[in-house]
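Here numbering that gives the first Met the number 0 is used: the first residue of the sequence shown is 0, the next is one more, and so on.
Among the hints, a few may not be true.
As the list claims (entries may be wrong) - List time: in silico PhoX-like cross-link candidates among lysine-lysine, alpha-carbon distance up to 25 angstroms: (1) 668 - 626; (2) 668 - 615; (3) 626 - 615.
In short, the hints are calculated from the structure, not lab data.
In this text the structure is predicted, and so the values were computed from the model without any measurement.
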Amino acid sequence: MEWRRGEIAASLLLICSLNPMSLSAQVTSKLPSEEIEALKRIAAAINKTNWDFNVDPCSQEASWVTHNAANGFENSVWCNNCTADGSICHVTSIVLKAQNLVGTLPPEMASLPFLQEIDLTRNFLNGTIPVEWAALPLVNFSLLGNKVSGQIPLWIGNKTTLKNLVLEANQFTGPLPKELGNLQSLEKMQFSANAFSGDLPDTFANLTSLMYFDIQASGLEGPIPAAFSQLANLNDLRISDVVGNSDFPTLARMEQLQFLDLSFNKLSGVIPSTFSSLMHTNFIFLTSNNLSGSVPGWMLTSKNNIDLSYNNFTFEGKPGTCQQGNVNLLGSSYQDNSQSKAVPCLDSISCSRVHWSAYINCGGDETTVDGETYEKDNDGTNGVSTFLLGTNWAVSSTGSFLDSRDNNNFIATTQNLSMPNSQLYDTARLSPLSLTYLALCLLNGSYSVYLHFAEIVINDYNGNSSPGKRIFDVYIQGGLVLKDFNIRDEANGSGKALVKKFNATVTRNTLEIRFYWAGKGTTLVPLTGTYGPLISAIRVISNFKPPRKTHTRLWIGVAFAAMSFMFIVFLVFIAWKKSYLRRKNTKGIDLRGLETGSFSLKQILIATNNFSSSNKLGEGGFGSVYKGRLSDGNMIAVKQLSSKSTQGNREFINEIGMISALQHPNLVKLYGCCVGEDQLLLVYEYLENNSLARALYGPKSYQLELNWPTRHRICVGIAKGLAYLHEESRLKIVHRDIKPTNVLLDVDLNPKISDFGLAKLDEKGKTHISTRIAGTIGYMAPEYATRGYLTEKADVYSFGVVALEIITGKSVTSVTGECQYHLLDMAHVANDKGELLTLVDERLGMEFSEDEALGMIRVALLCTQCPLWCGCLLEKAAYLILFLTHIVIEKLLKKDLVGAWHGAQPQEARSQYVASWEVIPLLRSLMFVPSH
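Just need the whole structure built from these sequences, with the hints factored in.
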């Protein structure tokens with residue numbers, strides 16, 4: 000843009016030099032009166048008060064052009080297309096960056112017929128893109144960082160002169176128009192931080208001039224089209240937070256690529272060998288996917304910046320370091336969930352003493368607060384990937400701030416903070432992608448974790464709320480504790496202290512606290528590189544009485560003796576195991592060295608009384624299930640799987656090892672497995688009340704009296720469990736066979752999902768499971784049952800069916816007299832008649848909440864229509880069911896949508912849900928569910 004403005008200025012000077020009357024013409028020349036009037040109307044519409052109409056707008060004087068614009072602020076009106084004598088010119092460019100403009104986008108700009116550039120970056124403008132602008136000869140168009148809504152107009156796809164199209168950080172909705180693929184002159188497309196729907200159009204492969212493509216956290220669905228490989232001129236590709244699983248995309252032809260970010264996309268499979276064509280790419284970010292297999296050797300030795308963290312790669316032995324040169328490997332292997340240390344790449348760190356607390360002043364100097372010393376955390380260079388060690392803590396930061404020149408990982412406030420202990424909030428540590436703190440050498444036990452926050456970068460101005468949104472997630476010990484967390488919203492403003500307290504259990508002497516940018520929020524407001532996690536201070540204290548110092552040495556001595564004894568026992572065991580295995584077949588050899596929790600066949604036989612029929616609990620889709628009692632008195636459930644092949648058992652154990660690492664209150668805990676010569680056994684926790692199916696409509700002697708609050712809790716629990724599998728767990732599992740027999744009930748009738756992750760093993764060549772499409776008729780989504788097309792929506796559909804069964808107390812297919820009916824059909828008939836409440840189980844009588852029942856039924860029907868509206872993630876279903884109560888529905892009917900959400904939703908859910916403006920369309924749709 001700078002070179003173009005210089006060209007304009009040079010053209011004007013040339014015209015002046017050729018015309019003897021140029022000097023006086025330049026002073027007195029005016030725009031055509033209609034363009035001056037248009038500028039006045041534009042100024043009034045957007046509250047632009049500092050344009051001086053006593054001065055020629057083409058004069059380049061101060062009120063019309065900001066010379067040497069810096070720091071993202073600019074106020075410039077440029078003229079060109081002048082007549083030969085320079086007496087008449089036309090407005091060709093309006094650039095108003097960060098001018099605190101308010102109001103709607105002015106249609107009056109269409110009265111400037113020569114306008115080629117509109118740049119309204121970082122203001123407070125709203126409304127939709129005016130249709131009148133379709134007549135403009137646009138070349139550069141940017142609305143970055145406003146509050147513009149609606150769909151992208153189709154007419155933009157006809158602007159073949161467009162070179163730059165930037166709509167990031169607004170509130171656009173709807174699908175991306177396939178007509179945008181007509182913009183063959185387009186060099187830059189930037190659409191991140193919106194609320195689009197649908198997928199990435201294949202027509203984008205026609206954008207052969209494209210050099211910069213950025214679309215992150217915008218609600219789009221995968222997979223990334225293979226046709227994108229044709230964009231050979233791309234040097235910057237950033238796609239993240241795409242919904243749904245997909246394979247690693249083809250990128251072999253993108254040899255000009257210098258920056259690649261495919262983080263948070265649930266990419267699975269191995270990195271293809273053709274990826275080596277990108278070995279000269281300066282930045283490669285693949286964090287937080289489901290990538291497996293081996294890491295290409297050139298990546299591990301690369302001098303470029305590469306982030307492979309939080310994947311499921313396989314390494315020979317253990318990952319040696321958390322960071323290898325510029326390559327981040329933290330959490331890059333599934334082994335990270337199963338080793339003796341919480342983070343295997345820290346195995347080389349020894350503990351000279353034990354601790355029971357940690358105090359860190361993130362991004363700041365050492366300081367003392369309430370008698371406790373917070374260690375400084377401002378060492379190390381700024382950069383793409385860092386790993387630093389403190390006294391008994393470590394910090395890992397990865398990623399590169401988009402378009403930022405300094406990649407500064409620390410920030411100091413320019414405000415005068417007045418809150419107590421302000422020295423903790425004057426500074427903060429930032430990270431563009433993932434920021435992980437590890438408290439090391441802690442005594443095992445229960446701890447309180449205090450996280451101190453204050454937003455000191457995104458500030459409001461003159462009472463106007465900044466459109467900037469810093470949104471990130473927080474995990475403690477691998478569990479999600481804050482989702483879509485926005486410091487400013489939670490603290491009710493910028494520069495205000497906010498402390499969040501959590502309880503955590505340390506079992507392997509390490510506490511992990513991870514702050515994680517999942518691609519949401521804005522990235523360029525108020526300036527470039529404003530996004531990602533921000534943390535001011537961390538305080539970790541034990542919930543138990545610390546041992547006295549005199550006992551610490553004794554504890555260390557006892558621990559050392561115990562560890563020595565265990566090491567000797569381990570060596571003896573290995574020696575015995577090797578001699579034993581030499582007498583066994585190759586199957587046993589294939590299982591050597593695995594880390595999964597294991598049980599001996601003798602243990603299982605004793606526990607189950609040789610698989611006595613009296614111990615049999617039932618027959619599942621993967622085999623028979625028996626209850627058993629271990630020698631310590633603990634009850635277990637044992638599932639028998641067939642082992643028809645001597646190949647692949649190592650892979651099977653690897654899979655089971657990963658599945659057993661998943662922990663959630665609504666998942667059945669998998670303790671481990673036992674591998675025999677002709678069978679495979681899985682050992683689960685035992686659930687006292689058997690399955691939901693038996694409780695709802697099993698034999699009458701086994702049915703349970705499930706009152707309405709219990710049914711409500713069960714429905715929400717299933718949704719939360721599935722949301723964890725889909726969104727929050729490291730493995731991102733699609734269950735494939737959600738049905739009441741796969742939902743077990745504990746002694747308090749809390750639901751726990753079973754058999755998760757098992758159907759996935761079938762794709763390894765039918766070694767363990769017999770059917771390829773894993774599911775049950777009546778519960779399978781149509782696109783999965785007919786085409787085998789698998790996404791999370793398959794589980795969403797099944798969840799909707801199960802929710803209806805919970806509400807009605809009936810099986811999905813039931814027989815009444817001589818008629819057989821499908822529960823879903825019956826629900827749609829009731830919906831058409833406006834008689835949804837007739838679906839509620841008659842056994843409940845009138846003992847249920849009508850509003851909650853209506854809410855649950857509507858959510859269930861929405862889930863079964865997922866192929867049509869494609870927006871029902873299970874986490875949303877869980878919270879919709881929880882909060883579609885009388886108060887919410889009453890306010891919704893009064894159209895007080897935002898007030899309903901913020902007024903009725905408990906504090907817990909606010910940190911677990913998306914921004915209210917994202918929820919409104921979904922809530923509105925709940926008021927009526929169309930029949931299929």
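Consistency of the hints with the structure:
| no. | hint | verdict |
| --- | --- | --- |
| 1 | 668 - 626 | holds, 14 angstroms |
| 2 | 668 - 615 | holds, 19 angstroms |
| 3 | 626 - 615 | holds, 6 angstroms |
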